[in-house]
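Given chain P, put chain H in place with the hints provided.
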Amino acid sequence: MRTLPNISFWLLLLVVLGVAAIPVINGDATLRENLFTILMLVTLASSINIIMGYTGYVSFGHIVFFGLGGYFAFYLMQNFGVHVIPAALVGGVGASLVALLLGVPVLRLRGAYFALATIGINEAMRAFMNNFEPFGGALGMFFNFSVYDLYGGAKNAGQLAYYAMIVVTLATIAASFLVKKSKFGLGLLAIREDQDAAQVLGINPARAKVMTYAISAFFPALAGGIYFFKNGIIEPGIAFDLQRSIESLVMVMLGGYGTVTGPIVGALVFDRIRSALITAPPIELGSFSINLSNFHLVVAGVLLLLVVLFVTAGVIGWLRQTFPATRRFLE
Amino acid sequence: MSTATSIILEVENVSKRFGGLLALDKVNLGVKQGEIFGIIGPNGAGKTTLFNVINGVYAPTEGRVKFNGQDVTGLQPFHLCRRGLARTYQVVRPLGELTVRENVTVGACFGRENLPLEEAERVADEVIDFVGLTERKDMLASKLNVAQKKRLEMARALAARPILVLLDEVLAGLNPQEVADMLFVVRKIREQGVTIIMIEHLMHAVMNLSDRVFVLDYGAQIAEGTPKEISNHPRVIEAYLGDPKVAERFLEGAA
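Protein sequence lines correspond, in order, to chains P and H.
Here the numbering used here is used: position 17 in the first sequence is 17, and no number is missing along the way.
Here the numbering used here is used: position 206 in the second sequence is 206, and no number is missing along the way.
Keep in mind the hints are simulated off the structure, nothing from the lab.
Bear in mind that the values here come from a model prediction, so they are computed numbers and not experimental data.
From the three backbone atoms N, C-alpha and C, an ideal C-beta is built for every residue, glycine too.
A couple of the hints might just be wrong.
Simulated pairs of lysine-lysine, DSSO-like, Cα-Cα distance not exceeding 30 Å [claimed, not checked]: (1) P:K180 with H:K137; (2) H:K228 with H:K32; (3) P:K155 with P:K230; (4) P:K180 with H:K143; (5) H:K228 with H:K66; (6) P:K183 with H:K188; (7) P:K183 with H:K143; (8) P:K181 with H:K143; (9) H:K188 with H:K143; (10) P:K183 with H:K137; (11) H:K188 with H:K228; (12) H:K32 with H:K66; (13) H:K66 with H:K26; (14) H:K137 with H:K188; (15) H:K66 with H:K188; (16) P:K181 with H:K137; (17) H:K32 with H:K188.
Here are some of the chain H residues that sit facing chain P, going by a computed Cβ distance under 7 Å [to be verified]: (18) P77; (19) F78; (20) C81; (21) R87; (22) G96; (23) E97; (24) L98; (25) G107; (26) C109; (27) F110; (28) G111.
Only chain P is shown next, with the shape it has when bound in the complex:
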């Protein structure tokens, strides 16, 4: 690792922090809600990118860790009155441990088989939670209002959740950057390019991949803990929503997989498109009326198709390829 992360590292964190601070300063509640979602998407996309972009393992069902973290944290807050921050951290560690255990067998698989296995894990986890009564089964769990008393009411709790999400997002971006720029990360890139060659060059792929999987499981789990704390309710359908998993993949591809900035840009762009479509007025076509709010998945599909066909490297990857000078500061 370089002695000090370079200037682009601090610049990136500063920009994200600066944008996230706007609603805190001007008190714009709508903007805060929007940014809360965007920060969460950045966290999800960036953490998928650590395993998918650096190591080359497409974790299709990565949302399983978001759900698990959410469930662990929610259970602790609801039943033992644990504060959201330690609860989310426990959720994060729990999800990482699950990733370690699952990673050992699953990361032996390559390519499509691994991607399919991760979908299987997510679906199995949802089915499990649907029937697991201690976590509320299919109905899930919801907070007593008294849970928020610890934070001085629901309004303050919402604010705390926002601050916590900012910290988690910054930590995810920092981890993403530091992993990429470390010796460990170089080993991951080598595995991505040619696992057998990497092994002959002295890298232990099995160990590196499992560790990476655990790291990439930690951050979405934190986000899950905070998200469901703010929500006040958790149920299997929302926690293990495969659609959200796929959307995160689209964000990574759109922004540029394997780059640090790509998932951030991808998450922002994707969220803005979705939000524009949801709020757009229906289009009247004679007797038909097309409601664009259901359209964002179509757009996600088309975007993914366009990226995969024409700009495989995504926005940031394309910039780096086309203008080599940008490589110095654009990671």
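Same frame as chain P, but now just chain H:
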């Protein structure tokens, strides 16, 4: 490190079976420190399989491999790399989306010296210079031509600071000038005290470069000795008789 005549690699009675095919049949060989040890044999003789058994890609069905005084049979390739055994591939395997410098840095990072990233980058620059790729340092490895990719393979292996390096047909597909350049690099590697085992089809190169030559045919060793002994060995000539021209070149190479 041990004296100049000590054995650095010992292959004892190694057999490798793939289903019904006996790819290696009770192979025995010993490579001394500092020598260039050539391995030849017709196509499909089991040369690359032998490399794969030596560096841990395959575990032998029978027999043992000893490297630098230790039994390494059944260890993984990355274990062997860290102990100082590096290798190049016959079909080059560049890490395509990484730059030349990053490729070589990988070798230095995870090799015998287990260097931290910054030092590894310094070693990488040195080795890149050694094989003559300095001008291509920041290019993506996938953009190199064949000769450059072969040099890259070489640089990556050397960056690990190996004790022993396995070169699998580093001359294949090169034009005469590129072959000469590569031979120069191979000699320089030996001058640094690195032991070399090379598989090669280019007879004049093997015969000129090797201290000893080992001949495989259908997985079995049929001869071992100095280039001169080998080129006059009746069984070697017989093995190559299917291709009389090769046998002829053989004799020329050693003369």
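Checking one constraint from the list: CA of K180 of chain P to CA of K143 of chain H, max 30 Å. Satisfied?
Holds. K180 of chain P to K143 of chain H sits at ~22 Å (cutoff 30 Å).
Given the hint that K188 of chain H pairs with K228 of chain H, does the C-alpha gap stay at or below 30 Å?
holds, 23 Å
Are the Cα atoms of K181 of chain P and K143 of chain H separated by 30 Å or less?
holds, 23 Å
Quick check on C81 of chain H please, does its C-beta sit within 7 Å of some C-beta on chain P?
Check passed: Cβ of C81 of chain H comes within 4 Å of chain P, closer than 7 Å.
What's the verdict on K32 of chain H and K66 of chain H, does the C-alpha distance respect the 30 Å limit or exceed it?
holds, 12 Å
For the pair we were handed, K188 of chain H and K143 of chain H, check the Cα-Cα distance against 30 Å.
Cα-Cα ~26 Å, so holds.
Measuring from the C-beta of G111 of chain H to each C-beta in chain P, is the shortest one below 7 Å?
holds, 5 Å
Given hint R87 of chain H near chain P, where the shortest CB pair must fall under 7 Å
holds, 6 Å
Does the alpha-carbon distance linking K155 of chain P and K230 of chain P stay inside the 30 Å limit?
This hinted pair holds, its Cα atoms lying about 10 Å apart.
Against chain P, run the beta carbon of P77 of chain H and see if the smallest gap drops under 7 Å.
Because about 5 Å separates P77 of chain H from the closest Cβ in chain P, which is inside the 7 Å limit, the hint holds.
Would you check whether C109 of chain H satisfies its interface hint, that is, whether its CB is within less than 7 Å of any CB in chain P?
holds, 5 Å
Taken at face value, is the distance from the CA of K137 of chain H to the CA of K181 of chain P at most 30 Å?
holds, 18 Å
Checked against the numbered hints above, the structure breaks none of them.
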